[in-house]
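Using the sequences provided together with the hints, build the complete structure.
One letter stands for each residue in the lines below.
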Amino acid sequence: MPDLGVDLGNLKLGGPVLAASGTFGYGTDVPLLDRAKVGAIVSKGIFLRPRPGNAPVRIAETPSGMLNAIGLQGPGVEALIRDYCPLWAQWEVPVLVNLNGESADEYGELAARLDGVPGVAGFEINISCPNVEQGGIYFGNDPRAAAEVTAAVRRRTQLPVWVKLTPMVPDIGVIARACVGAGADALCAVNTFVGMAIDLRERRPRLAFKTGGLSGPAIRPLAVHLAHQAARAVSIPVIGIGGIMCAEDALEFLIAGCAAVQVGTATFVDPRAIARVHDGIGEYLERSGLATLAGLPRYLPRD
Amino acid sequence: MPDLGVDLGNLKLGGPVLAASGTFGYGTDVPLLDRAKVGAIVSKGIFLRPRPGNAPVRIAETPSGMLNAIGLQGPGVEALIRDYCPLWAQWEVPVLVNLNGESADEYGELAARLDGVPGVAGFEINISCPNVEQGGIYFGNDPRAAAEVTAAVRRRTQLPVWVKLTPMVPDIGVIARACVGAGADALCAVNTFVGMAIDLRERRPRLAFKTGGLSGPAIRPLAVHLAHQAARAVSIPVIGIGGIMCAEDALEFLIAGCAAVQVGTATFVDPRAIARVHDGIGEYLERSGLATLAGLPRYLPRD
Amino acid sequence: MHELTAEVVSVRQRGEHGFWVTGFAAAEVAESVRAGQFVNILLRPGPLLRRPFSVYTASAEGVVEVIYKPVGEGTELLASLRIGDRASLLGPLGRPFSFDSAWGSVALVSGGLGVAPMPLAARDAKAAGLRVVWVHGARTSGELQSEWSGDELVEATDDGSAGFHGTAVAAVPSGVGAVLACGPNRMLAAVAERWPEAQVAVETYMGCGTGVCLGCAVPKLDGAYDRACKEGPVYRAAEVDWAALPSQLHYAVA
Amino acid sequence: MHELTAEVVSVRQRGEHGFWVTGFAAAEVAESVRAGQFVNILLRPGPLLRRPFSVYTASAEGVVEVIYKPVGEGTELLASLRIGDRASLLGPLGRPFSFDSAWGSVALVSGGLGVAPMPLAARDAKAAGLRVVWVHGARTSGELQSEWSGDELVEATDDGSAGFHGTAVAAVPSGVGAVLACGPNRMLAAVAERWPEAQVAVETYMGCGTGVCLGCAVPKLDGAYDRACKEGPVYRAAEVDWAALPSQLHYAVA
Ligand SMILES: Cc1cc2nc3c(=O)[nH]c(=O)nc-3n(C[C@H](O)[C@H](O)[C@H](O)COP(=O)(O)OP(=O)(O)OC[C@H]3O[C@@H](n4cnc5c(N)ncnc54)[C@H](O)[C@@H]3O)c2cc1C
Ligand SMILES: Cc1cc2nc3c(=O)[nH]c(=O)nc-3n(C[C@H](O)[C@H](O)[C@H](O)COP(=O)(O)OP(=O)(O)OC[C@H]3O[C@@H](n4cnc5c(N)ncnc54)[C@H](O)[C@@H]3O)c2cc1C
Ligand SMILES: Cc1cc2nc3c(=O)[nH]c(=O)nc-3n(C[C@H](O)[C@H](O)[C@H](O)COP(=O)(O)O)c2cc1C
Ligand SMILES: Cc1cc2nc3c(=O)[nH]c(=O)nc-3n(C[C@H](O)[C@H](O)[C@H](O)COP(=O)(O)O)c2cc1C
Ligand code: FES
Ligand code: FES
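Protein chains in written order, with my numbering: chain A, 1 to 303; chain B, 1001 to 1303; chain C, 2001 to 2254; chain D, 3001 to 3254.
Among the hints, a few may not be true.
Claimed, not checked - Listed next, the in silico DSS-like pairs over lysine-lysine satisfying Cα-Cα at most 27 angstroms (straight line):
1) C:K2230 <-> A:K37
2) B:K1037 <-> D:K3230
3) C:K2230 <-> A:K210
Rather than coming from a laboratory, the hints here were simulated on the basis of the structure.
Set out below in structure tokens:
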């Protein structure tokens, strides 16, 4: 079996297939899966304080995709530290915490609170949240705001800091470079795309929150493109996310320049998806006569 | 049968279902279809000069979608006037020309050349082209450039001028308002989303052009959201486009605030798609006890 | 929980009203499933997400049946499966009904497709030594079920064309020791008013069925949301904030 | 052109190498189709786009057959269709081979799945009064076809395990009046070198099959692209810019 290890600089992973935030809970509810094949787990998004989440209906299926508007339901950082970090500290697989806030300060506070807590291997900054101080503009759409929130977290921790990019921007490279400048160790591309589905009987949006984030295979070609653009723009590792259902899908991201991938919606359909993708990548490398994932030729012309 | 007529101000349509640019040729190659049910035809995108288009491979199927990079292959405006406009002049269904250029001037010149030519019922400005003068930045991503090209066309014609919006922007309302300010009569939302697919055998993009535009049902929830955002931002009609395969899909756009819709990729799968969608909208109105499409209650809270 | 590629071993269409019943060879599920639990079925080719179905029957031969009406993409594909076809089943999932022999008797109240968990509920109730009254409601006689189990059947129709003239809830005989209900969320809200302690199986859309997506939120009166697939689908009726639970889901339409 | 919901009336699997042949009741197509034309098949549930297939045979009873190998989503679904299932067929599409009785004889040169249009080509050639030599090439004897028509069959294998040792192109007897070819685009390029006037049926990806998407671009030596579905799929070999025509398509792999 080829060596599927991934070196992300300040974090080494046993495999290139990670569990995406919000699709794996806190890592405690995924049965059947061989955890030795999970490269890392990114926790459900966490805020400082507990949040009830949005009213139902929260999800709607669409062609090859699903919309979700969970509303970052969660117990808040103190409960996370109390209830989950002690478990994580006993696991082999590294767990990163997905950070969310309404101001750069809130992100910084979260990182400070979690830094050094056993079981926390690093942070993934979710910049798809609205910046309440800047009038609800999303952090992820503005290079300055993205850099500010990255820097706020960077200042409070030596652990790996990843920034998860928003897709609905004209040039993802600009945001990517801003995050690198502010000290990010890796970038994750991408989060969900904003979408809407209409209930024809009620003549209103199917989701109570009106809009939701589109995930699943429908977005894969868009996500591959964005991850590729990000990988071309920066020299830190990029982790590809979006619509990966099988090894072939993951390989599209890897060949397009990603160091690793995250699997989200696929876990809903097949709780063993991550292990299946991991194994399939190994088989592809083997068929291709490659001994290591690091040796996979990438398609990554430099800008 | 309910009245499906649509009043777009300076253009009245027999039905709300239009043929999208690039998916209906010049209107001469779609057999089997009952043309009385086509609200209007938007021609394949045209440039001043003939263009050979991109090398193959030009299309790639993806989950519930397809990528295309045709490269605006076309005979140029003079051949269009010579070979197609005389046919259009004899048709009942109005034909609008999809305009493309590399500078605002080129768009203006195209409009000037076509204005008054019998058979040309109006213009749809494709602002998804790169602005060569501004270093390849897309017109559609920049409100100033979008307004400039709209104004350039507006100055040269009294015919209806529609602007077809690009989806990959953080706030489509900003671009929409800019186009209205520059004199657009209607907005079309949206064009394709940029995507990429990788050939695992060759380890390079499947399309010769590398990237392509994603169309089809995969993008529908994103397109409904963007069309809805545009409709909330402006008071001129918005024409919804993206992934419409059946009447239910079209009704999502109509309820979300669109005055009409365009059908693209569905015509590839079913040459009769436009008529089928038209009939299905009529049946829905009938079932709902509505005598006219104009009377359909919309979900359109104002910003 | 198990995930298995299960072969279709039986397909039958029931009653005028077009309920379908499909049986899968799924011994691991059949052995362990309890009333109120569900299986999450993957249809390929088919829609992205699995579709949850209550387990209708589970036999000693290892056959698990689900009952449904073809109303959309998933159920139509399910109805198109023929004997020998295969589908992936994930289950059993969710928290089952619980039974207490101290009740003496129990009323199983079902509306429309809410019959789905009731044959197993009758089985588990009998195993707990309870007397079982099954009260089933439909709009009209043509929509009534012909399959039932238990000690007593009470039928009700909205139009009075058969049995009790009125709702299933109104038709429940007095004196039963406990009430278990399944049906449209609207009907369950009525159950909650009359029997706050009733156990009800609710329906929500589900993303995963295993507890990781938080898509299946059930609003509770204490202001929290929990997961229909994990803490549910069976709830104490008084716990649920019925006004906030969507009542327009598709299963519930029947 | 017709669009019809056609019933599957026959399914057969051919040869060791796993070619499948599926027959549809499609009288309108069967009556009008000419060699080299194709039908565009819609599979539901299935991938978004139709899949183009050369018409393999067309009978007086109105049955149209296609031949294929299950290599991907579309062909696997096609292979899963059973008698009585239905699929939408659009066709006949594209420009057919043309025949001239002045040729006296014609060689039909096929490689791999390039056999697909040849039975009809033999039929149309005989109708034009031509003597038909079918030259078929495969990698090895196990991949050879067992169905052929015409006056003479020449077989060739790359490994020499049966028939002529070498390519189908090399095996074409001299003196034939014309050459018609179908197979991997690479093979067709070799045909073009030897017989610039040959008619060849090329393969491209197709979006619509009816001429409206411009997805099926065939690069020609004059610098223009035209549409495989409309001006093609049959071309004069010398017209095509073979170096610019992708040779890695899936059909061509066999
Ligand atoms: C615990 C539980 C038990 C159930 N038991 C039964 C049963 O025994 N019998 C039965 O018939 N049904 C049952 N259902 C409902 C069932 O899962 C299907 O949703 C229903 O049958 C309709 O599915 P469909 O695919 O045919 O319709 P669709 O056409 O897919 O559904 C109609 C609409 O609902 C949407 N939709 C469907 N499922 C979801 C989802 N999971 N998330 C988001 N959107 C969705 C679709 O996009 C579509 O627009 C149960 C549901 C739950 C939660
Ligand atoms: C004129 C013509 C005649 C043909 N005749 C035959 C025949 O007789 N027998 C035969 O076996 N095949 C024939 N083909 C090829 C056939 O249409 C299919 O492409 C092939 O069989 C593989 O399809 P699939 O769905 O099984 O594979 P897939 O798994 O769908 O295809 C493999 C890959 O190719 C991509 N792909 C497939 N089709 C398209 C498309 N149209 N556009 C973009 N991407 C696409 C898919 O996304 C996938 O990644 C013909 C093609 C043409 C153009
Ligand atoms: C139900 C659901 C909840 C999610 N929650 C979060 C979250 O809390 N934080 C975050 O950064 N991303 C969240 N995501 C986005 C995923 O991590 C991922 O970026 C996205 O789903 C695309 O990947 P996929 O197509 O593999 O699912 C969520 C996605 C889904 C479907
Ligand atoms: C093959 C193809 C060619 C297209 N060409 C054009 C074009 O020339 N000009 C344009 O404005 N849009 C063009 N489009 C975009 C469509 O008009 C439409 O906006 C898009 O396909 C989304 O709609 P759909 O999902 O219904 O196809 C093209 C789309 C496709 C698929
Ligand atoms: S369905 Fe995903 S948590 Fe319940
Ligand atoms: S396949 Fe669309 S033009 Fe040929």
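Comparing the hints with the structure gives:
no., hint, verdict
1, C:K2230 <-> A:K37, "holds, 25 angstroms"
2, B:K1037 <-> D:K3230, "holds, 25 angstroms"
3, C:K2230 <-> A:K210, "holds, 25 angstroms"
Checked against the numbered hints given earlier, this structure breaks none of them.
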